[in-house]
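Peer 1: Sequence:
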Amino acid sequence: AEAEKMGPGYTQGFFGYRDYDLAKTKCLVVWGTDPLSSNRQVPNAIGKFSGILDRGTVIAVDPRLSPSGAKANEWLPIKPGEDGALAAALAHVIMTEGMWSREFVGDFKDGKNLFKPGATVDEAAFVEKQTHGVVKWWNLELKDKTPAWAAKKTLIPEDQILRVARTMGKAGAATAVWMGPGVAMTPRGTYASMAVYALNGVLGSIETEGGVFQSSGVPVEKFPKADPFIDEMAKHHGHGKKIDGRGAKDMPAMMGGKPGSGVVTNNVANALLKDPDAIKVFLSTWSNFVFSATGAQRWEKAMARMPFFVHMVTNASEMTQFADIVLPATFAPAEKFSVITNMANLHGHMSIQQPVAKKLWDSKAEETEVMWLLAGKLKARGFANLYDYYASFEDPETKKKPTNAEEFAEIAARISSQKVWNGKEKMKGDQIAGWQEFRTKGIYNSETYAYKKNWGKFKTETKKFEFYSVTLKKAFDEHARKHNTTVDDILRSSGYEAQGELAFLPHYESPKRHGGEKEYPLTFIDYKSRLNREGRSQNTPWFQEFKKVDVGDESWDDVIKINPIDGKNLGLKTGDSVKVSSTTGSIVTKVKLWEGVRPGTAAKCYGQGHWAYGKVAARDYAKAQPRGGNNNEILVDDYDRLSGSTARNGGFTGVKIEKI
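My numbering numbers the first residue of the sequence shown as 5 and each following residue consecutively.
Worth double-checking, as some hints may not be accurate.
The calculated BS3-like cross-link candidates involving lysine-lysine, where the alpha carbons are at most 30 Å apart (straight line), are [what the hints assert, rightly or not]:
| # | residue 1 | residue 2 |
| --- | --- | --- |
| 1 | K113 | K457 |
| 2 | K52 | K381 |
| 3 | K113 | K461 |
Calculated directly from the structure, the hints in this document are not laboratory data.
Using the sequences provided together with the hints, build the complete structure.
Peer 2: Right, here's the structure in full:
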């Protein structure tokens with residue numbers, strides 16, 4: 005979901021997941037996400053949701069009726085990929101009706117609102133406070149983006165757009181626009197992310213009561229520097245071109261404002277298919293790209309040609325079938341040391357997972373124990389650098405250094421967590437005295453995030469909330485210089501529509517779609533199950549038994565949901581077996597007629613379709629027969645190239661459904 009981070013990143017300089025003051029929110033806009041089903045603290049969202057409904061309004065923007073949408077005061081079943089159009093229209097209304105935040109954004113010098121539909125405004129007439137470029141944004145993007153214009157794009161009625169904008173404006177800085185991957189994980193998602201997130205800036209709901217916050221941090225200590233142990237060969241080859249294509253002319257991957265800093269994991273399969281000898285040895289953990297990556301068939305072909313593959317996992321999966329060696333990994337919550345950081349409810353958290361029982365099998369912690377053992381084998385063959393580096397780790401409490409894999413794992417956990425328990429720094433949150441107390445309590449909680457904490461010191465080039473992103477312009481200029489070309493050429497090469505100054509502003513870009521509407525008339529919607537935990541639940545009986553809690557789904561089955569209008573036109577009824585095809589592949593599943601998806605779309609929950617994930621996940625594990633179909637076999641391999649994020653949403657894949 006890296007594209008989701010581009011909105012807050014290139015407006016307020018925060019490339020991360022946001023937090024929300026739900027206890028005081030008066031208007032919650034859940035956009036392309038469902039916090040009741042899938043976020044970092046689902047119970048917190050569930051616990052706060054009814055309070056928001058009691059004191060204010062919940063608005064859900066989603067082409068599918070999610071649990072949040074079902075409970076919302078307003079459901080906007082937007083046409084997939086048109087999020088930027090709706091965001092622009094909402095901003096247009098907020099500004100023309102004078103509902104922007106004077107405290108955060110500023111005001112006209114004479115106090116008279118000059119934001120009129122179609123009118124160009126003199127930038128000198130407006131005095132900004134915590135923002136930069138609001139008038140330029142109006143002139144180049146918003147002045148003509150009326151609700152009437154957006155209604156034609158989004159298929160949301162004009163009067164509903166007006167009503168929602170006014171509701172948001174009335175709540176003002178207590179409005180929280182909670183943006184999710186449905187907005188941004190599209191081939192042009194960076195700009196949709198910026199457009200939607202900019203609404204928080206217009207309303208002034210950045211770090212305010214009921215508003216949107218950067219994630220609260222906890223102090224994590226870095227591991228010792230490896231520089232003294234890196235030889236000349238490693239220094240030379242360690243700075244080579246990455247196989248995922250990041251930093252290429254048509255793949256800027258500008259996470260954090262730095263070209264080539266994003267990670268484009270899914271593109272590795274394309275590189276391997278072009279050059280099978282690019283990688284000789286492949287070690288992987290916590291991964292199942294053969295199933296979990298879009299254009300999944302590419303990964304099957306690439307892995308079949310891999311010379312040597314080692315899979316380090318807790319349980320076998322589709323990707324494991326291609327492994328030369330399988331190394332059983334420990335079960336993180338109960339068998340190994342692992343320091344976890346998280347945030348929600350205006351606090352940061354550091355928790356520790358630790359061994360609580362004797363291991364049942366010969367399993368190892370892949371991040372620490374396996375690496376120690378591998379380093380030992382390399383040392384025995386004359387390559388001691390990695391082992392010597394690991395052996396230099398020092399327990400911050402006892403000063404002891406590791407002598408075996410188990411000690412290394414614990415010392416690594418001690419090093420990374422030490423700031424919250426070593427007593428050397430006065431912590432503003434929980435007070436913990438020593439490693440043993442941290443292990444006993446199991447968690448450290450930070451102090452409450454302060455309101456307006458970053459006002460005047462946002463991590464942008466201007467130190468302000470940038471409607472005109474000088475930060476993005478700087479990154480673009482750097483990438484263009486690297487490739488000896490222009491920013492406009494970079495945009496064209498990467499598949500974006502903007503040219504000139506518009507490229508540095510939140511703006512609308514039309515959705516890109518694979519598959520013409522004549523041959524592939526339905527737009528595919530991929531979404532996540534409320535029973536998923538990082539997508540790894542399907543081999544548990546409770547997942548299958550309770551699958552019906554995903555609105556519209558069926559227990560122990562797999563269905564693709566279409567509107568009854570489309571069902572009638574296609575001659576389909578609930579329960580029919582169907583073949584679902586896109587430009588990249590086909591799957592077989594069952595169809596269900598359901599009013600909770602807008603006409604012209606087909607929604608299917610990700611997760612079913614496993615053929616080698618276990619006897620529960622598969623229909624017949626021994627015969628490799630899947631239970632339903634894998635969404636990733638019909639989702640096209642494409643990217644938001646400014647971030648490097650894989651596209652999954654935004655109507656970029658067209659499908660046809662045929663009865664079989």
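Peer 1: It remains to establish, for every hint, whether it holds in the given structure.
Peer 2: Hints, one by one, checked against the model:
1. K113 <-> K457: holds, 27 Å
2. K52 <-> K381: Violated - the C-alpha atoms of K381 and K52 are around 52 Å apart, more than 30 Å.
3. K113 <-> K461: holds, 24 Å
When held up to the earlier numbered hints, the structure conflicts with hint 2 and nothing else.
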